[in-house]
Amino acid sequence: MKLPDEGDRKTQMDCQKVQDLDIIERYLVERLSGSEVEAFEQHYLECQRCFGELKMRHAAAIELSHQPIQLKPARSWWTPVSWQWALASTAAAILIIAGVLYLRPVEQARAPERQIAVVQQPSAAVLEQLASINPIPLYLPGVVRGVEGDAAFIKFQQGMDLYSMQKYTEAIGPLSEAARLDPSRPNIAFYLGISQLVSGNADAAIEQLSKVTARENPYSEESHWFLSKAYLKKRSFALARMELRTVASLRGPHSAMAQNVLEQIQNF
Amino acid sequence: MDEARIIEQYRSPVLYFILRRVRDRSAAEELAQETLLILIQAMRENRVREEDKLGAYIFGIAKNLIFKRYRLQSRETEALDPDSEAAGWVNHPEAELFLDEERKQVRRALDQLSDQDREILHHSFGENEGLEEVASRLGIPYASARKRKSRALERLRKILARMSQKGRP
Chain A
86 MKLPDEGDRK TQMDCQKVQD LDIIERYLVE RLSGSEVEAF EQHYLECQRC
136 FGELKMRHAA AIELSHQPIQ LKPARSWWTP VSWQWALAST AAAILIIAGV
186 LYLRPVEQAR APERQIAVVQ QPSAAVLEQL ASINPIPLYL PGVVRGVEGD
236 AAFIKFQQGM DLYSMQKYTE AIGPLSEAAR LDPSRPNIAF YLGISQLVSG
286 NADAAIEQLS KVTARENPYS EESHWFLSKA YLKKRSFALA RMELRTVASL
336 RGPHSAMAQN VLEQIQNF
Chain B
5 MDEARIIEQY RSPVLYFILR RVRDRSAAEE LAQETLLILI QAMRENRVRE
55 EDKLGAYIFG IAKNLIFKRY RLQSRETEAL DPDSEAAGWV NHPEAELFLD
105 EERKQVRRAL DQLSDQDREI LHHSFGENEG LEEVASRLGI PYASARKRKS
155 RALERLRKIL ARMSQKGRP
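As they're listed, the protein sequences go chains A and B.
Going by my numbering, the first sequence opens with residue 86, and the numbers climb by one from there.
Going by my numbering, the second sequence opens with residue 5, and the numbers climb by one from there.
If you are wondering where the hints come from, they were derived from the structure by calculation, not from laboratory data.
In this text, all values refer to a predicted model and were calculated from it rather than measured experimentally.
Mixed in with the good hints there might be a few duds.
Each computed BS3-like pair below joins lysine-lysine, with the alpha-carbon atoms no more than 30 Å apart [unchecked claim]:
hint, chain 1, residue 1, chain 2, residue 2
1, B, K162, B, K151
2, B, K57, A, K296
3, B, K72, B, K57
4, A, K296, A, K319
5, A, K102, B, K162
6, A, K319, B, K108
7, B, K57, B, K67
8, B, K170, B, K151
9, A, K296, B, K162
10, A, K252, B, K162
11, A, K319, B, K162
12, A, K296, A, K252
13, B, K108, A, K102
14, A, K102, B, K151
15, A, K296, A, K102
16, B, K170, A, K319
Anything over 10 Å on all C-beta distances counts as not near chain B; from chain A, calculated [unchecked claim]:
hint, residue
17, S208
18, G258
19, G285
Glycine included, each C-beta is placed from N, C-alpha and C at the ideal position.
Next up, chain A with everything else stripped away, as it sits in the complex (with noise of 0.2 Å):
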């Protein structure tokens, strides 16, 4: 049953909010008001993060409702036992605890080195394995967008037309007026911090891709792990496990690579 509205008010919905808000939860057991299921619905047709949650805690509600809590029995600090018992115990320990004291060598005494955790260097070997771009998206124009007189479209194509002939530093040119005309179009960043990027341009690349992510859109899977790409050939570390943190949880095409990676540079 829906919740009364709170008037014709129009809900904003984001990631944040539906963290915030525990909105997954209450929409799965009806406890949002009209507008709010209006507005998650909108919100996750189009984020795959928050979608990928949804289906995850869904299919958790499913099995947990299925099964019946099952806990390991709890073992008690404190269990009746007879005086024979407790007295033979007791010395027993005193026993042990005097043999090992008499008996522990010296060196043991010594309080234990203090394990720093080690930062590994990668190889550089290791690290073009890991940060090279393959393979490098394809073009799918399956859509011809763009009317006569719409010069950010024609601009794309001709980057585009370069970009399929695998002219990656030369279609950088074409893409990035594309992008001046229209900075609101996903699809120009995205194409264009991947020319940038296959051309050695990690900082333009991260610029670029970084815009893809700022908001939800059929690329931001792919632009957060070329994203991790570009901050592992900057040798930046920490910003690459960011991004692949993020790939890894929006379950995604990438997210079993992204997972590879992050465990392969967790120590750099």
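Position chain B relative to chain A; hints supplied.
Frame of chain A; chain B shown alone:
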């Protein structure tokens, strides 16, 4: 915007959204396909300019199609009222089927959680209790329950991500 990318990204959430309302897989598949076709056609005709508001656009198309179908069906059968929302959606057979793969993975992942994690998730999800009720039942402050649940979910996510990575060829 690439059509193949559109279909790949939106097919599953659109299907889930529609299935929750119509509760019939084959009907939902048809409506989802129709929704995506209308979307692609609108993009070809340049009627969709703001690519970051596709969610709202898709929502409108799908809801419209569902209402049209419902009006046709209600003449002959007692169809589900689309506005009755999610009566029993969580454990509906169609939901269980839709989430079959996710359920298998979650089932294995839940087995790897600690008792404490499974307990709080069981009360939160399995028994549909609000966090206040969970905290009260466990005898802990609300903030602790919230933190414990958040950590349990994070651990569940990590296990699922690891399993997903191992399962790849």
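Hints and how they fare:
Between K162(B) and K151(B), the direct Cα distance comes to roughly 17 Å. Compliance with the 30 Å bound is thereby established for this hinted pair. This hinted pair checks out: K57(B) and K296(A) have alpha carbons roughly 16 Å apart, not beyond 30 Å. Taken as a hint, the K72(B) and K57(B) pair is honoured in the structure, with Cα atoms around 24 Å apart against an allowance of 30 Å. Only pairs whose Cα atoms come within 30 Å are accepted, and K296(A) paired with K319(A) is accepted, the gap being roughly 19 Å.
With a C-alpha separation of about 22 Å, the suggested pairing of K102(A) with K162(B) holds against the 30 Å cut-off. This hinted pair does not check out: K319(A) and K108(B) have alpha carbons roughly 39 Å apart, beyond 30 Å. For the hint linking K57(B) to K67(B), the alpha-carbon distance of about 16 Å falls within 30 Å, and the restraint holds. A distance of roughly 29 Å separates the Cα atoms of K170(B) and K151(B); the hinted pair therefore holds under the 30 Å criterion.
Taken as a hint, the K296(A) and K162(B) pair is honoured in the structure, with Cα atoms around 27 Å apart against an allowance of 30 Å. Between K252(A) and K162(B) the alpha-carbon distance is near 39 Å, which puts this suggested pair outside the 30 Å criterion. For the proposed pair K319(A) and K162(B), the alpha carbon gap of about 27 Å is at most 30 Å, so the pair holds. Between K296(A) and K252(A) the CA atoms are separated by roughly 23 Å; this keeps the pair inside 30 Å, and the hint holds.
A hinted pair counts as satisfied when its Cα atoms are at most 30 Å apart, and K108(B) with K102(A) qualifies at roughly 29 Å. A hinted pair counts as satisfied when its Cα atoms are at most 30 Å apart, and K102(A) with K151(B) qualifies at roughly 17 Å. For the proposed pair K296(A) and K102(A), the alpha carbon gap of about 21 Å is at most 30 Å, so the pair holds. Taking the CA atoms of K170(B) and K319(A), the gap is near 28 Å; set against the 30 Å cutoff, the hint holds.
For S208(A), the condition that its CB be more than 10 Å from all CB atoms of chain B holds, with the nearest at approximately 23 Å. Consistency note on G258(A): stated as away from chain B, and its beta-carbon is indeed over 10 Å from all of that chain's, at 22 Å minimum. Every CB of chain B is more than 10 Å from the CB of G285(A) (nearest about 26 Å), matching its label as outside the interface.
The earlier numbered hints that this structure contradicts are 6 and 10.
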